[in-house]
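Asker: Note that the protein sequences, when read in sequence, are chains A and B.
Following the working numbering, the numbering of the first sequence begins with -1 at its first residue and continues without gaps.
Following the working numbering, the numbering of the second sequence begins with -1 at its first residue and continues without gaps.
Please keep in mind that the hints were generated in silico from the structure rather than gathered at the bench.
Do not take every clue at face value.
Any copy will do: because identical chains look the same in the list, a pair fits if it lies in one copy or spans two.
As the list claims (entries may be wrong) - The list that follows gives simulated cross-link-like pairs (lysine-lysine, PhoX-like), each with its CA atoms no further than 25 Å apart:
1) Lys187 with Lys147
2) Lys63 with Lys231
3) Lys134 with Lys235
4) Lys28 with Lys116
5) Lys258 with Lys210
6) Lys187 with Lys230
7) Lys231 with Lys132
8) Lys230 with Lys82
9) Lys28 with Lys230
10) Lys187 with Lys255
11) Lys16 with Lys230
12) Lys258 with Lys187
13) Lys199 with Lys235
14) Lys132 with Lys25
15) Lys210 with Lys187
16) Lys16 with Lys116
17) Lys147 with Lys255
18) Lys235 with Lys132
19) Lys230 with Lys134
20) Lys230 with Lys132
21) Lys210 with Lys147
22) Lys187 with Lys177
23) Lys98 with Lys28
24) Lys276 with Lys178
These figures come from a predicted structure and were not determined experimentally.
2 protein chains.
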Amino acid sequence: VDRTPFHHYWLIDRIKGKQTDVRLLKKFLKSSSLYGAEYSVRGFSGYLCELLIIFFGSFRETVMKCRNLTRNTVIDVNSGEFTKKKGLDNILVIDPVDEKRNVAANLSLDKLAEFVEKCRNFVESPSIDFFHEKEKPEVSKELLEQEIKDRNTGLYVIEFEKPDIVKDNLYPQLERACKKITEHLSRNKLMPLRSGYFAGKMCYLVFETEVKEISAIERRSGPVFEDYENVKKFVTKRREYVPFIEGGRYYVYARRKCNKTENILKDFIRKEGKYLGKNIGEKLTNFTLLKNAEILELDDEFNKYLVEFLTLSRR
Amino acid sequence: VDRTPFHHYWLIDRIKGKQTDVRLLKKFLKSSSLYGAEYSVRGFSGYLCELLIIFFGSFRETVMKCRNLTRNTVIDVNSGEFTKKKGLDNILVIDPVDEKRNVAANLSLDKLAEFVEKCRNFVESPSIDFFHEKEKPEVSKELLEQEIKDRNTGLYVIEFEKPDIVKDNLYPQLERACKKITEHLSRNKLMPLRSGYFAGKMCYLVFETEVKEISAIERRSGPVFEDYENVKKFVTKRREYVPFIEGGRYYVYARRKCNKTENILKDFIRKEGKYLGKNIGEKLTNFTLLKNAEILELDDEFNKYLVEFLTLSRR
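Extracted from the complex, chain A is given alone in its bound form:
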């Protein structure tokens, strides 16, 4: 992602006189955590900033034009062409020294969206504030506690030791674990609202669900009535409840193993935790689950993350 000697050679004459514009763009991005192609940011690399400035000509032109970036934009720096291509799911910035390479490959769709939003806001009412990192507002523990109560969601944090690996290795593992656990919550009909992860001194996986518990029984689907053989198996199986027919199909109630979101989470991580990532898998053999107001006792950095996660303030 960093400039290689080829990039350096390609840029050297073209970037002349535009260094200030590049610095402006970088600061503009950095102040909103959009600068850097590493996995923990998934934003704009330095080289991508340089190419954008060369392509659009100036910082001003860059923010003007980038208000209309879409996920299917193709920017060809060599030819100077700005086109749209169907089927893309993020911008494609063709590397002038290697046309097979997308310089924006590490940029996430949501960081692109945030950048576009910032360009629009800046053009509407330009200000020096767009270049300074916003102070994250402090939200008192008392207010957070009240908010958590009022939301009446299931709010859970899995806390575990941070493995001794680089961020670019850690973050994909955290993201994947988050995704797998969220899928498990969905499968169990616990209706996850949103999930996230945070790495400070410890690692934290965060889940918020629309339900804290679900009925102790669930409805299991059986065969259609015409399927004699399977109906026979279905109705003669020893069960707690009597099968019933609905819309020509057999169903039966059965007891769930777990019916509290908390326990379903614990149970899943106990069983599957070790498969949730090469390095974090080892650490997940020993985790703590915290819920609701309990999570306010974690460190201050985590509380700031939480304020954002609960969408009480903008990042």
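Let chain A serve as the given structure and place chain B on it in line with the hints.
Answerer: Below, chain B without anything else, positioned relative to chain A:
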């Protein structure tokens, strides 16, 4: 549905000597609440029984063959043909005196399924018991109370006065109201397990859900980030929470009006009750909602229905 003079004329010679078989079939059906084409049963009419006996030749042959009835079976009594036709969603028994008429038009799919099951069971181990109505097992209030607690479902009964109309008018209204309310529960993500209705001295609509309450906030979907105009409207609207971007789309949390299943039900019936059926709509302007163990205080007939609804015993 009853025999008209044409039916009588068509049957008179053909049914001779088979009256006992017809009586056996009717008793076989009656003992499982499968006899009668009226809406409160939606089973087999007397004329349909006579046609089946004529078509298959005897009671024995009828139950033998009907083990393999499928929802796309066509029985043509005149031609003696037994065929399958794609796209049907219930059996078609062509009336020999009016080939456009389906004698089984009022038969519900689930009653057909129950009949098929009963034929199979009878052929496997024939017994006089198949002709006697089963005693509905008594389940004590204490056991029911424990069961309701153990299920941990939301269990609700809407009780209201029975309008003074015939069953064939009342039952479709009850069924439709049940369906509309269940759809409302689904829309509100309360995960209905099963719904039903019962008419005794009063009318009862019964709902069981997998959740008793849901979070006080819900996630609302906004525009994709590219849609500048709508994004602007979305983010500038006054809200309790800050919008966030996920997968290139804007979302925002918002407070639900109601978050207890009980209140969502009450609220819906207060507002929409009067539109839930011509006659029951009037009565629904004055209803009582009972939940969980409270519903055990309704009359004994309802308790018997409840045992079946909870699938603690077979009808």
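Asker: So which of those numbered hints doesn't the model satisfy?
Answerer: 6, 11, 13, 23
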